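Engineer: Here the protein sequences line up with chains A and B, keeping their order.
Counting from 1, one number per residue, gives the positions in the first sequence under the working numbering.
Counting from 1001, one number per residue, gives the positions in the second sequence under the working numbering.
No wet-lab data here; the hints were simulated from the structure.
Here the structure is a predicted model, which is why all the values come from computation and not from measurement.
Hints may be right or wrong, so weigh each one.
Here are the simulated SDA-like pairs of lysine to any residue, each with C-alpha atoms no more than 25 Å apart in a straight line [unchecked claim]:
#	chain 1	residue 1	chain 2	residue 2
1	A	Lys77	A	Gly29
2	B	Lys1180	A	Val28
3	A	Lys49	B	Ala1048
4	A	Lys22	B	Tyr1096
5	A	Lys49	B	Leu1066
6	A	Lys49	B	Arg1044
7	A	Lys74	B	Ala1048
8	A	Lys49	B	Thr1169
9	A	Lys49	B	Cys1042
10	A	Lys23	B	Tyr1035
11	A	Lys49	B	Tyr1035
12	A	Lys49	B	Pro1038
Pairwise CB distance ranges, derived in the manner of DEER restraints [to be verified]:
#	chain 1	residue 1	chain 2	residue 2	range
13	A	Asp45	B	Cys1043	52 to 58 Å
14	A	Gly51	B	Ala1075	20 to 26 Å
15	B	Val1051	A	Thr88	48 to 54 Å
16	B	Tyr1200	A	Glu27	33 to 39 Å
17	B	Tyr1035	A	Glu80	35 to 41 Å
18	B	Val1063	A	Glu85	22 to 28 Å
19	B	Leu1114	A	His16	23 to 29 Å
20	B	Tyr1035	A	Glu85	34 to 40 Å
21	B	Ala1084	A	Glu72	49 to 55 Å
22	B	Val1076	A	Gly15	33 to 39 Å
23	B	Arg1106	A	Lys73	17 to 23 Å
24	B	Pro1100	A	Ala87	43 to 49 Å
Backbone N, C-alpha and C fix where the C-beta goes; we use that ideal spot for every residue, glycine too.
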Amino acid sequence: MKIEVFSSPGCAKCGHAKDVLKKLVGEVGGGRIDWREVNVLDEMDYAVKLGVLSTPAIAVDGKLLFSSLPSEKKLRKLLEQRLREQAT
Amino acid sequence: MTAAALVLAAALLGLLAFFEPCTIATHTLFSARAYARPWPVCCRELLALWVTRSLLVTGLLMVAVLLTPPPVWGAVLPSVILAAMASVYIVSRFVYLPVPHLEFHRLVPGGLRLPAAVQLGLTLPACTLPLFVIVFGMVITLDSYALAVASGLLFAGLFTLPTAVAAVTGLSAGGQRFLKASALATSYLTAGLLYAAAAYLLL
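Assemble the whole structure, with the sequences as input and the hints as a guide.
Structural biologist: Quick look at the structure:
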């Protein structure tokens, strides 16, 4: 599974999103999740293509699933569900 | 406190609002989307953003004048408030402060289905709230509807102007570098300005 966190320079909320994601990837990923940070000012065309409206936003496997910071619980649920789907 | 000081503050703080880190990405993405669209659509979206934001800011300031008696601030309180706000800008660079954006479209039935430009216009991002509060405080002190309208239009207009420029001209690589540097530096610039204003008011 490939996760992208869309962030912008100086965005404290984005830093928080990355911390939450890093923690969840460690807890539920088991090496099956790759994630990267996308600076929207560096990759603006890509962010616009995916429909990113604000930061932080989170895309999973090239699809924008969260257009704002989700709760840790919600994000955990999504990751676990996706991993289950991939395993079957 | 003079009308000229209010007008100057509203214009400066409105422009500064665009460059705050929680605002710059959202508005730059909006510009990039608008730039990629046909000219009439781009204009319509910019107009919707500007009109909605102007109505929101002006409306809030007019309601404030209507409902709030002119406060008596005393000699020290304004400086204390400005210094506290400045400190929040500095602290927020190092610690995540969970302050939500004020999304007024959520108060409207079906507000989440409104066009993105209108939703953006009806949102006061968290890091611009202190800037708006300063204008708010100055407006209720001067207690004038005309000044509420003038300062609201200036704040909203200058807040929206960089978005409009980027949407019409597109964003060059140099522009992107400038915005990245701005996003990192603006909190410190804002804090510096607020500390300077706090010190000036004490003199």
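Engineer: It remains to establish, for every hint, whether it holds in the given structure.
Structural biologist: To see whether the hints hold, each was checked on the structure:
1. At roughly 12 Å between alpha-carbon atoms, A:Lys77 and A:Gly29 fall within 25 Å of each other, so this suggested pair holds.
2. With a CA separation close to 33 Å, the supplied pair B:Lys1180 and A:Val28 exceeds the 25 Å bound.
3. Between A:Lys49 and B:Ala1048 the CA atoms are separated by roughly 22 Å; this keeps the pair inside 25 Å, and the hint holds.
4. About 16 Å separates the Cα atoms of A:Lys22 and B:Tyr1096, which keeps this hinted pair within 25 Å; it holds.
5. Distance restraint check for A:Lys49 and B:Leu1066: the Cα-Cα separation of roughly 45 Å exceeds the 25 Å cut-off, and the hinted pair is therefore not satisfied.
6. For the proposed pair A:Lys49 and B:Arg1044, the alpha carbon gap of about 21 Å is at most 25 Å, so the pair holds.
7. Between A:Lys74 and B:Ala1048, the direct Cα distance comes to roughly 33 Å. Violation of the 25 Å bound is thereby established for this hinted pair.
8. Annotation: proposed proximity of A:Lys49 to B:Thr1169 holds, straight-line Cα distance about 19 Å (limit 25 Å).
9. The straight-line distance between the Cα atoms of A:Lys49 and B:Cys1042 is roughly 17 Å, inside the 25 Å bound, and the hint therefore holds.
10. This hinted pair does not check out: A:Lys23 and B:Tyr1035 have alpha carbons roughly 37 Å apart, beyond 25 Å.
11. About 13 Å separates the Cα atoms of A:Lys49 and B:Tyr1035, which keeps this hinted pair within 25 Å; it holds.
12. Distance check on the hinted pair: A:Lys49 and B:Pro1038 sit about 16 Å apart at the alpha-carbon level, within 25 Å; holds.
13. Our hint of 52 to 58 Å for A:Asp45 and B:Cys1043 is violated, since their Cβ atoms are close to 22 Å apart.
14. For the pair A:Gly51 and B:Ala1075, the beta carbons lie near 51 Å from each other, so the given range of 20 to 26 Å is not met.
15. At roughly 51 Å, the beta-carbon separation of B:Val1051 and A:Thr88 lies within the given 48 to 54 Å, and the hint holds.
16. Checked against the hint of 33 to 39 Å, the C-beta distance between B:Tyr1200 and A:Glu27 comes to roughly 51 Å, which is inconsistent with it.
17. At about 39 Å, the beta-carbon gap between B:Tyr1035 and A:Glu80 stays in the expected band of 35 to 41 Å.
18. Between B:Val1063 and A:Glu85 the C-beta distance comes to about 50 Å, which lies outside the given range of 22 to 28 Å.
19. The hinted range of 23 to 29 Å is satisfied by B:Leu1114 and A:His16, whose Cβ atoms lie roughly 27 Å apart.
20. About 37 Å separates the C-beta atoms of B:Tyr1035 and A:Glu85, a value consistent with the hinted range of 34 to 40 Å.
21. Range check, B:Ala1084 to A:Glu72: about 30 Å between beta-carbon atoms, so the 49 to 55 Å window is missed.
22. At about 35 Å, the CB distance of B:Val1076 to A:Gly15 agrees with the hint of 33 to 39 Å.
23. Between B:Arg1106 and A:Lys73 the beta carbons are some 21 Å apart, a value that agrees with the proposed interval 17 to 23 Å.
24. The supplied range of 43 to 49 Å is broken by B:Pro1100 and A:Ala87, whose beta-carbon atoms lie about 36 Å from each other.
Violated hints, in rising order: 2, 5, 7, 10, 13, 14, 16, 18, 21, 24; the structure is consistent with all others.
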